[in-house]
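Protein sequence lines, in the order shown, are assigned to chains W and V. So that you can map any letter, position 267 of the first sequence is 267 in my numbering, and since no number is skipped, the others follow by simple counting. For any residue, its number in my numbering is found by taking its place in the second sequence, counting from 1, and adding 1000.
Hints are not guaranteed to be accurate.
To be verified - Only pairs whose alpha carbons sit at most 20 Å apart, straight line, appear in this in silico SDA-like list of lysine to any residue: (1) 112/W to 1009/V; (2) 273/W to 1013/V; (3) 112/W to 1025/V; (4) 273/W to 1095/V.
Bear in mind the hints are in silico, worked out from the structure with no lab data behind them. For clarity, every value in this text was computed on a predicted model and none was experimentally measured.
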Amino acid sequence: MIKRHQQSTIPRVPVSLDVSLTGKCNLHCQYCFYADAMATLDDLPTDSWRAFFAEAGAVGVRRLTLSGGEVFTRSDLFTLVDSVIENGMRYSTLTNGTLISEVTVASFNAGKRRRRLDSIQVSIDGSSSAIHDLSRPPASFERALRGLRLLKANDLPVTARVTINRHNVHDLPNIARLLLDDIGLQSFSTNSADLFGSARCQGQNVLLSPEEWRIAVRTTAELARNYPGRITAAAGPLSFAEDAARIESALASGAAGLPGRGTLSACGGVFSKMAILHNGAIVPCNMLPTMVMGKIGFSPLDDVWLNGREINILRERYETPITSIAGCSDCRYAGFCTGGCPAVVYGLYGRLDAIDPGNCYKKYREESHVPL
Amino acid sequence: MKRYAVNPVVSLREEFEGALLYNPDTDDVVLINETGRLIWDAIATPQTLEEISAYLAANTDLNGLFPNPYGGGFAGSAAFSSAGLARIAADAAAFIESLPPDFMVEYD
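Make the full structure from the sequences, and use the hints.
In structure tokens:
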């Protein structure tokens, strides 16, 4: 149950929800986090989603991120989008881009759909088919790029996500040129392939080695300097580089820590959003699909948000000092640390009282004994 | 005389303290206190500033401008001083002035 002192930091209902409308995908990529056992679950029918969107709108959820699987495999997608709008919310979509056509563009332009659309994020993992398609099926690149260009040409709010992996880590400058200079996107975001979903089987092909991670950190930091404000990251190498710069700047000024850090505060997502899987399971984050707290249509959304056991356990991590974690008790950087992504931690160790070694600044400085 | 009403696309969400107005067309959010909440309730249908003030007077404890917890008018409402009513009208006008234009519909 939510603690009384948390009431000032947690809204009464989530601000936003990540909603996976389908587990189906027309591609089978090497590092998809939403693969593996997830694809065996059944999609909910249209009416179940519509009823849920009515509930979400009524309690005051403001925005939904619609994804999958591949969201454009749902033939009723725009019926569902209209339901989101009718219930007073905004939306964005995540897509591999390969199913976007002139019909899609026309559909986004109907009624209020465009007005309430925050972004359409297309996954681009290389500057050429030779690289992009190494982690995706053949011809994915040309189709994704066509979709991206089509959305841009029609002035829709398109952006791109580059998932940095072993195949594209040396192609990042070319990808930036393609997306920002050639296609003219305002910005794109980055993260990195992690040990979720299909990467659990294909990891040896796609996951960054420690040395490749360092290259990715250096390269993305340099690109971000060259394209100010146009390359972003909430996780992955660029996010780590930005964190490291903040830490080094704070250390230089004699600080022992940074505000809001020094505990397992992670990304803070559980204080503003949660996720719904395509079978209707309510989870704290779609990277934690086994932490089911309820099911839409059966469990009131606002009750799960405030009283869901798993999401409150994740919130309580915010009060766990980094120095209480095994191996971190004497870390001189503990006051700067957030512990990284709890989903990565849970995937690696099957528990939550640990730090994400990929986000360990001490390890990056080659002082840590945290295993990869 | 000008009348004010809520823009029907704007939703109100109760929070632990006060409430939050959200316009999904513009993505704007406004936090309001309990008095703001009362005004928002008052303009569910088009109302003049005088009508809004009267609604507030009927639902407010003028001593602290806190909403009457029992709802509706309360026993002393007929005895409000003109100074108190003027303060309510000024508060209502200030609240309406502070809202982004897309949050309300105005009728002349």
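Hints, one by one, checked against the model:
A threshold of 20 Å between alpha carbons decides the hint, and for residue 112/W with residue 1009/V the separation of about 12 Å falls inside it, so the pair holds. For the suggested pair residue 273/W and residue 1013/V, the alpha carbons sit about 16 Å apart, so the restraint of at most 20 Å is met. For the hint pairing residue 112/W with residue 1025/V, the CA-to-CA distance comes to about 9 Å; that is within 20 Å, so the pair holds. In summary, the hint linking residue 273/W to residue 1095/V is not supported, as the alpha carbons are separated by about 30 Å, beyond the 20 Å threshold.
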